[in-house]
Amino acid sequence: MSSMDTKAPFQHSGKNIAQLMQTLLLALLPGICASLWFFGYGILLNILIAGFFALAAETAMLGLRGKKIALHLADRSALVCAALFAIGIPPGAPWWLVALGIIFAIVVAKHLYGGLGQNPFNPAMCGYAMLLLAFPLQMTSWHLPNEVVEGVLSVDNLGIPIASAEQEILSPLSWRGFKQALLLSFPFAASSDFDIKAFTDGLAMATPLIEFKMAGQSALLAARDSGASLFSRESETAWEVINIGYLFGGLLLLYKRIISWHIPLTIIATVLIVSALFYAPGSASIYGTPYLHLFGSATMIGAFFIATDPVSAATTRPGKVVYGIIIGLSIYSIRVWGSYLDSIAFAVLFGNFCAPALDQFCRPRIFGQGLLRATKLTETNHESTKP
Amino acid sequence: MSPLQRIQSMLGVGTSLSSRRTAGGIKPPSYKEHSLRSRIMPMPIPPQLKIPVGATESGTIALDIAAGDHVHKYQKLAQLQLSAQGRTSIPVHAPTSGIVSAIEEAYVADHSQQKQVCIVLKTDGLDTSLPLEPAVDYRQLASEELVTAIRRAGIVGMGGAGFPAADKIDSAAHQALDLLIINAAECEPYISADEALIRERAEGVVTGAEILQRASSARRCIIAIESSKPNAIQALEQAIEAQTNITGNCELLLVPSKYPAGSEKQLIQSVSGIEIPSGQHPAQHGVLVHNVGTSYAVFQALVLGRPCISRITTLSGQALKTPKNFEALIGCSVEFLFEICGIDKSLRHKTLLGGSLMGLQLPSDNAAVSKTTNCLIAAGSDELAPPTEIQACIRCGFCADACPVRLLPQQLLAFSKTANNSQLLEHGLMDCIECGACDYVCPSHIPLVSIYKDSKAAIETRLTNHERSKVWQQRFQYHQSRIKKEKDQAPTRTKAVPAKKPAAESEVSASNNGNEQEFFSKEKASREIAAAVARVKARRDESKKAASVQDKSK
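Chains as they are written, first to last, in the working numbering: chain A, 1 to 387; chain B, 1 to 554.
Keep in mind that the hints were calculated from the coordinates and are not lab data.
Just so it is clear, the structure is predicted and the values come from calculations on it, not from any experiment.
For each residue, glycine too, the CB sits at the ideal point set by N, CA and C.
The reader is advised that the hints may include incorrect statements.
Here are some chain B residues the structure puts well away from chain A; computed CB gaps all over 12 Å [as the list claims (entries may be wrong)]: (1) 142; (2) 345; (3) 350; (4) 391; (5) 406; (6) 410; (7) 489; (8) 522; (9) 528.
Straight-line Cα separation of at most 27 Å, DSS-like style, residue types lysine-lysine; simulated pairs [unchecked claim]: (10) A:7 / B:345; (11) B:470 / B:522; (12) A:7 / B:417; (13) B:485 / B:544; (14) B:27 / A:7; (15) B:417 / A:68; (16) B:27 / A:256; (17) B:522 / A:7; (18) A:67 / B:417; (19) B:350 / A:7; (20) B:115 / A:7; (21) A:15 / B:27; (22) B:350 / B:321; (23) B:456 / A:7; (24) B:115 / B:345; (25) A:7 / B:321; (26) B:453 / A:15; (27) B:484 / B:544.
One chain only, chain A, in its complex shape (with noise of 0.2 Å):
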């Protein structure tokens, strides 16, 4: 019999942590669903490509440092972290690329710290922050293959999009879709005579802010001229679905109380305003209209699944409303004025800079401490309670 079962309390209410991580991912399906219908199977492979790296080196560094493998295993916090950072990973991304990310986030930002619930920076934000330093080009250039471009994205070189009546329709999804995926993701599996250049030469694309930012002004003026808007320019709406599915993953994170709702509310309230306060009608347009900022990139899935970490955020409640104002202005300072194209990383890397601070100053009120006019307050209630 161990200490805990003949000690109070002797209820437990049957929570634990792997079920709190199998939520998580669960939560994570429909972001990566609409993934998935719009961009083929690359962020598919990505996720199962990190999920098996993680799980190595997890257990491999379980094993190193002497702790129950099977047991730590279990709790699927390797996994969560794999699939996290798999989705911020351009699909079409080179599985070493994948694998070097895992392994960094694991191994160095993970166990080297002592572990679940040491690590003062979120692992999956580590890896990418370091693939983005290491291998800027791979990171900031999404590969699809001419299955899914073809299929929906015919634009010329001002970004309008050609009417494409006899063009024939190609799903993503299909199985010529699949096998571009995998060649792109496994180079080396490709024969002599293939070319890779010669199916994903020139299709480069990233989130809509990004094409925002990057692009040229008279491009872009040009384009609104002709009454294309940004998102149907991309393939449709994909980025407002993808983020309306991370957006109902997270709502379901908070139904399910695994987050509070304080983190993700002040994040997106805090893009929100600041990127209203920026914009204006006429004004440059690197600001970028407040709903470009809220579902034009990954701010969803980095108000609600990334930031929320609980391991590297603020934990007290008052120190995650300022945590999640300081990574929204973060979110929107490095976009519209830092150089790298998207920001959640490295604003909730900041982040986790500050959250042992904010633990320490921003603690909420004990009871019955703190109590200048403690007295007065009965005499207050004489008056209330008179009958």
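Dock chain B against the given chain A, drawing on the hints supplied.
Frame of chain A; chain B shown alone:
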């Protein structure tokens, strides 16, 4: 209370009375329905009773009887004179008639976990009793007389605290008491003794509340009960209505059904909105809380003239065939009660005293039922067996959301691991009420409460050690300075010495001040040694000089 008012009260928007929000809390399954299926059962007289009087540490025991004496039911057997307050005492009465066979130390089913002096009574089964002398009419008695009668009946806090009820009233006697709360919020799972009591004997409870209100001269009296107990609420409403027609002015207030709604300071907040500051007593703020069980015992004492010889105890758990509430005689063994409930010992995994969240495990069935034994659980093997695999804290904060004191258990855990006492105190470890809500919700199954208990104990020993060493340090320094003074004042000294004396004194006092703040350190020691060497040198030099001066003068 009309249905409309009840709904208003539940929603917290009521016109007359409504409960205020309190922080945190959990809603565990209560398992109370098993023991509430049948009515409170009177108990057959067991062959032997071990009536606890008290631990020898807690006061002096004055026996009224000796081994071999025959006693009647209700006869006063002994009393415990509490050493802390010389005036107060807790008398003990015979629950039935019989012969005192021995007076010995034995284990008692209460939270003290130490042996207590018990009077062993061989019952004769006749149950012959002394005539009861009910008080004339409690409405005509002064509050002091009521308090004396409550003290004479040996009533203690039946909720589990065991503090003499009369003393609690006395502690607030010099204050204008605004509010008396009768605590019927029995929020811990399994325990249904109070609920059963209210369902069946609400008139007694309400009358007791009125007596307590008169005894403590409280302006208002509110009976607080959780909104999830409709039968008990109905019984109380009827009893209050009946009583209001005569003299009383008790009110009923529904508080939200969550754990720990019945914790004293939390209950005060939800009833009155007053937040009792940390380390202060409710009485200092014009509030007094008594348990419903206490209230009923007061009713028995003043209306029936019956001293406290029994209490309602819940017997529950999967190992029992018929869980129920008993009117248990004080001093009967736990085993006897379990036997009547049809215990299957092969099914039993463990025995708990109290509820499932703050109870403790009883080492044996021999323990005697005391005035505070509210619940006994014979738990089956898959019952109340929390998960044993402990995982790392992921700082999810569920514990902080559950904490009724708004502590940050996740931070306290981290500081406990590193024994960072200053941070532990800063983060309010001493305000933890050990309710176990954080443990209950922890997905990593960390035994938080027992970790905090250990940390608290460690801090307390450290503080007492520190205090003690400070005292000895001061004594030692005083001793040294005295010796020095005597030496300095010795007549053999030369002229040069008096000039140095004030300097030496100021040095002593300076080091005194320093010692109060810092502990022994190597650097400091070496610094002091160097200083001492320098002093000796200087003294030698001076005495040499003095000698030479003397020489010259010669």
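Here's how the hints hold up against the structure:
no., hint, result
1, 142, "holds (25 Å)"
2, 345, "holds (17 Å)"
3, 350, "violated (8 Å)"
4, 391, "violated (6 Å)"
5, 406, "violated (5 Å)"
6, 410, "violated (6 Å)"
7, 489, "holds (52 Å)"
8, 522, "holds (31 Å)"
9, 528, "holds (36 Å)"
10, A:7 / B:345, "holds (21 Å)"
11, B:470 / B:522, "holds (19 Å)"
12, A:7 / B:417, "holds (19 Å)"
13, B:485 / B:544, "holds (22 Å)"
14, B:27 / A:7, "holds (20 Å)"
15, B:417 / A:68, "holds (21 Å)"
16, B:27 / A:256, "holds (15 Å)"
17, B:522 / A:7, "violated (42 Å)"
18, A:67 / B:417, "holds (19 Å)"
19, B:350 / A:7, "holds (11 Å)"
20, B:115 / A:7, "holds (20 Å)"
21, A:15 / B:27, "holds (14 Å)"
22, B:350 / B:321, "holds (16 Å)"
23, B:456 / A:7, "holds (16 Å)"
24, B:115 / B:345, "holds (25 Å)"
25, A:7 / B:321, "holds (25 Å)"
26, B:453 / A:15, "holds (23 Å)"
27, B:484 / B:544, "holds (21 Å)"
Hints 3, 4, 5, 6 and 17, counting from the list given before, are not met by this structure.
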